[in-house]
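Protein sequence lines correspond, in order, to chains A and B.
Position 12 (the first sequence) corresponds to 11 in numbering that gives the first Met the number 0; numbering is contiguous.
Position 190 (the second sequence) corresponds to 189 in numbering that gives the first Met the number 0; numbering is contiguous.
These aren't lab readings, by the way, just hints derived from the structure by calculation.
Incorrect hints may have been included.
What the hints assert, rightly or not - Label-pair ranges, simulated between beta-carbon atoms:
hint, chain 1, residue 1, chain 2, residue 2, range
1, A, A16, B, R215, 20 to 26 angstroms
2, B, T40, A, T48, 52 to 58 angstroms
3, B, G274, A, R57, 35 to 41 angstroms
4, B, N10, A, P24, 27 to 33 angstroms
5, A, A16, B, G274, 30 to 36 angstroms
6, B, G112, A, S59, 50 to 56 angstroms
Using N, Cα and C, we set each Cβ at its ideal position, and we do this for glycine too.
Single-letter residue listing:
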Amino acid sequence: MTSVLKQAEGLDVNEVADGYVVYQPSADKVHYLNHTAAVILELCDGVTTLEEIGEVLRESYALPTVPKEEIDDCIAQLKAQGLLV
Amino acid sequence: MRPPLSFQLLNCVFEIRTESATIAEYLRYMIVDAEQAVPVTHRTAFDVIQSGDTYTISENGKFIVERYAANVLDALYPLLYGRVLEKLGQPAQVHGGCATTPGGKRFIVAGPGSAGKTTLLSHMLLQGLKVESDDVCLLEGTTVTPLPRRFHVKEPSLRLLPEIAALAPGLPWIDGGRGFRIYSYSPTELGRRWVIAPGPVEAIFFLEPNHGGQTRVTQASRIDMVSRLMQQGRSRNTVGKWIGDLCRLVDTVKCYVLVIGDKESALEAIQKALG
Numbered sequence: 000m001t002s003v004l005k006q007a008e009g010l011d012v013n014e015v016a017d018g019y020v021v022y023q024p025s026a027d028k029v030h031y032l033n034h035t036a037a038v039i040l041e042l043c044d045g046v047t048t049l050e051e052i053g054e055v056l057r058e059s060y061a062l063p064t065v066p067k068e069e070i071d072d073c074i075a076q077l078k079a080q081g082l083l084v
Numbered sequence: 000m001r002p003p004l005s006f007q008l009l010n011c012v013f014e015i016r017t018e019s020a021t022i023a024e025y026l027r028y029m030i031v032d033a034e035q036a037v038p039v040t041h042r043t044a045f046d047v048i049q050s051g052d053t054y055t056i057s058e059n060g061k062f063i064v065e066r067y068a069a070n071v072l073d074a075l076y077p078l079l080y081g082r083v084l085e086k087l088g089q090p091a092q093v094h095g096g097c098a099t100t101p102g103g104k105r106f107i108v109a110g111p112g113s114a115g116k117t118t119l120l121s122h123m124l125l126q127g128l129k130v131e132s133d134d135v136c137l138l139e140g141t142t143v144t145p146l147p148r149r150f151h152v153k154e155p156s157l158r159l160l161p162e163i164a165a166l167a168p169g170l171p172w173i174d175g176g177r178g179f180r181i182y183s184y185s186p187t188e189l190g191r192r193w194v195i196a197p198g199p200v201e202a203i204f205f206l207e208p209n210h211g212g213q214t215r216v217t218q219a220s221r222i223d224m225v226s227r228l229m230q231q232g233r234s235r236n237t238v239g240k241w242i243g244d245l246c247r248l249v250d251t252v253k254c255y256v257l258v259i260g261d262k263e264s265a266l267e268a269i270q271k272a273l274g
């Protein structure tokens, strides 16, 4: 699990207290991301590996293990929506 | 010669000249008499001149459009309000009215058409709250400026607002198109001051109609509120800027969903939520 992802080009990311509202001009679409999805989007910077992202989330939410399944699901959705490449 | 009708809409002053008594009567529907704490930067004159069966509308002497008498308002509304928005740089809009409690807490009542915004805000006005608008608020950062427009009450709603129903025979109206009239009134016609000024708000209440049922207020997540507000229209500016403006506003206020059963319990619920 050493692959890296990054945000798609041109996203307009707006932060609110409980997540992100992201406008994707290329698709003229608005996405509403909860905290976890917002953190994952933020951490996908083209440098941080998915393994490292899992570890950050485990520490942030004080979890005993990395929530791999949830992260994989979230990343799959963000990729499917074209927010991560 | 008929005197021109002159009125302010935020930064614009409009003068409408017509010799037609019919048009002058139609125009009563849109003439705003609010006191507005906004400096006037633009003045525009419109002429509405009869030409056979129709009327030509000109702006500062330049022909704009030709309409039958009954459609003159339909043409003038977007022209006038379009000019205001254009001169303000196409600010982001929230589909909602604005009011302030006697304790000074200012808030927005947003929601879809027919949710009961005007009925609730009219009730607030009659109960002594300061109500600035029932329709649209403009955003500049976190500063909210209600767009001045006479309050529009659908004829079926008059049974809920007897004080306004009593005025209805003298109020201007248009055909609502579904078998009822839409009346317009100014708070001044109810003996209230109508003052519009830019300023912050403390909360947004998003109405969900539950007419005849129970009223309840629940806190909404900010993401949910942005999503709800976005479904109620959009700015003519870029979508990205509009979303950004909405997010900045929503992130600084309390957000509530108000399931509205009746206007009395809804007002109580709002006052309780505001503390």
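Each hint, compared with the structure:
1. A:A16 x B:R215: 20 to 26 angstroms: holds, 23 angstroms
2. B:T40 x A:T48: 52 to 58 angstroms: 55 angstroms Cβ-Cβ, so the 52 to 58 angstroms window holds.
3. B:G274 x A:R57: 35 to 41 angstroms: 39 angstroms Cβ-Cβ, so the 35 to 41 angstroms window holds.
4. B:N10 x A:P24: 27 to 33 angstroms: holds, 30 angstroms
5. A:A16 x B:G274: 30 to 36 angstroms: violated, 19 angstroms
6. B:G112 x A:S59: 50 to 56 angstroms: 42 angstroms Cβ-Cβ, so the 50 to 56 angstroms window is violated.
In the structure shown, a violation is registered for the earlier hints numbered 5, 6, in ascending order.
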